[in-house]
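Enquirer: Chains as they are written, first to last, in this note's numbering: chain Y, 1 to 600; chain C, 1 to 84.
These are calculated hints, taken from the structure and not from any lab test.
C-beta atoms are modelled at their ideal positions from N, C-alpha and C, and glycine is treated no differently.
Take these hints with a grain of salt, some might be off.
Which bits of chain C does chain Y cover? Going by a derived footprint, with three or more residues having C-beta under 8 Å, they are [as the list claims (entries may be wrong)]:
(1) 9-20
(2) 44-50
With beta-carbon atoms standing in for the labels, derived distance ranges [stated by the list, open to error]:
(3) T72/C / H46/Y: 48 to 58 Å
(4) Q54/C / R98/Y: 23 to 33 Å
(5) R320/Y / E68/C: 54 to 64 Å
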Amino acid sequence: MTNNREKDDNRPLLSRTLRGIGVSPGIVVARVMVLKRQSMRAGWYHLPAERIEHEVERFTGAIQAAGEELVHLREKLAGDLADALSIIDSHLLMLKDRMMVERTMAIIRRNNVNAEWALAQALSEIKERFDQIDDPYIRERFTDIKHVADRVFGLLAGREHEPIAGADDPLILVANDFSPEDTLRMRAGNVHGFLSEKGGTTSHTAIVARSLGLPAVVGLEHATSVFATGDLIVLDGGTGQVVLHPEPAEILQRQESDRRNRAQADELDRYIHLVSETVDGYAVRLSANIEMLGELSAVLRYGSEGIGLFRSEFDYFHGRRPPNEEQLLATYRQLLETMAPHPVTVRTLDVGGDKFLNRFPGNKAWLDRERNPALGLRSIRFSLYERDLFRSQLRALLRASVYGRLRILLPLVSAPIELRQVKALMAELMTELEREHLPVAADVEVGMMVEVPSAVIMADVFAAEVDFFAIGTNDLIQYSLAIDRGNQYVAHLYEPFHPAVLRMIRQTVDAGHASNIPVSLCGEMAGDPLCAPVLMGLGLDELSMRPAVIPRIKRLLRHSRSGELQQLAKRILRCGDSDQVRDLLAIELPNLYPEEYYQR
Amino acid sequence: MDLIVGNERGVHGRVATRLAEIAAGHGVVLRIRRGEEMAECSSILDVLALALAQGTAITLLAEGAQAEAALTAAATLITAQDDP
């Protein structure tokens, strides 16, 4: 390892805590291995004539070594991963391509420059050619070419062969982003965690890490420059905290807290199979928010009683074009069959038109310039505008309905006319399906998201038109407090305990119950142990949350009495600001849940 | 040999990879011509840079002892709608 700070430097190392997004829980203490992407930082050196052939050899040596790495990687993967193998095959061809190899050699010889610089030049010529390609799918192959070039850059910089294989010490991999091959290497036994600069909770890295059960933190900016290979860190994949150069005491403390988390998880496991109701038998359905089929195993593992929110966007964004009816049907059918007899709530496409058209360029380029996308052509408005897309989603949903218990959820409804338009369309589709002899279940429920203030104020009118309400607090808070949570200057004003938010929840619940329809809530509040008791007291029939937090919320519910919850909610509703709400909770929750809150 | 690209995602990485393998496997020089542009199938990047989307008309050329066999295999691959 070339830059082991602890050896080069005699100053004491200061412990430092950084924060990213925890995407796969667990705490690990290990040294890091930084996978650098340094293609853009290749320095320029002019070389004397007698050094040129040596430089060419250094380059061809790196190409050959990169090829050996890829072949080695290919051999390690048995035939179970056909897709991955074919990626490696095309990477091998790219690596040996004349545009990569011969071009770089020519640049070294002609300009008397170092190999890194020449390769960067060759790469930018390739990029220029690919940038001209209209077809987005083929154009994106440049990413693969870059991954291949990065491997060569790494070898030119003196990285050892296959750094991960061979070393037996536990490692945490750090990278800007993980390539498909890095992801495969993550299977190596000595990789104990991941840290990346890019990515969110649904990034490739996050999904792979969760499925491997390894802690991961993503979205930590500048991670590859802050950390050097060999640095000792503590990585907390739950909170997203990363401690560089931890003190021995800190390591012990983190390991202890990991042990406690695991013990607590074991204790919580006992709640998975218990009914979700209060001590006095008042039931609240605890269901899961998910966005892809891969999460179903977690849904079942944590004892969820249905899917309270299936975000249907994934099918629209992981392919090269929008999905057809049959593809959607396959997804919905699997969802319903897996969860039956529990209900599955599928939210229809909930995206901004701008995002959608960026992904699948149509002729509506003007949408790119929407001034105010949060108030623009999105969600149900977009679906009603792009009717063909909406028709195929609704048809797929209706056809899937015979495989379980389906609830269709319409996002961002703000006026009754939108509901009526959807209903008219659905009636049309039902006739169509009947003509085609395709069966539809008789008990399909249609509900709406309550996430716009107008929907709350008119909830009594809406309640007469739908089968259920689902309050989406993330958007409701944003729209009613006029706060963009992504804006660092106002994000601190985003406040779930704003009395306006709590009163709107109450108003929606009351309007729903007056019309005998159930009301659920599916924002982040639902899975927050501080909010959940309040929400239960406000009378919600269902709370939908990340699958992993269900056991914890269920434990709270099972230690509650409905009368106490209602009393708590009543007092909360009298608070004039969010501080009062928090003060009240700080006093009341430890009384209600001594086990939960006296630990800390 | 004149052909129309059949794959719905065009001649993408995996198709181009197979083309290179066909050329190497038959020991021939396999070329694709699209209008004025020409690419040799041994270079995956050249082939990708032709940006052959579904429906593109191309001409396939082969030189070598097994040219016929290579052309047949390449044509089957390029005109197929499904991924290899």
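Enquirer: Decide, hint by hint, whether the structure agrees.
Expert: Hints, verified against the model:
{"no.": "1", "hint": "9-20", "in the structure": "holds (count 9)"}
{"no.": "2", "hint": "44-50", "in the structure": "holds (count 5)"}
{"no.": "3", "hint": "T72/C / H46/Y: 48 to 58 Å", "in the structure": "51 Å, holds"}
{"no.": "4", "hint": "Q54/C / R98/Y: 23 to 33 Å", "in the structure": "27 Å, holds"}
{"no.": "5", "hint": "R320/Y / E68/C: 54 to 64 Å", "in the structure": "34 Å, violated"}
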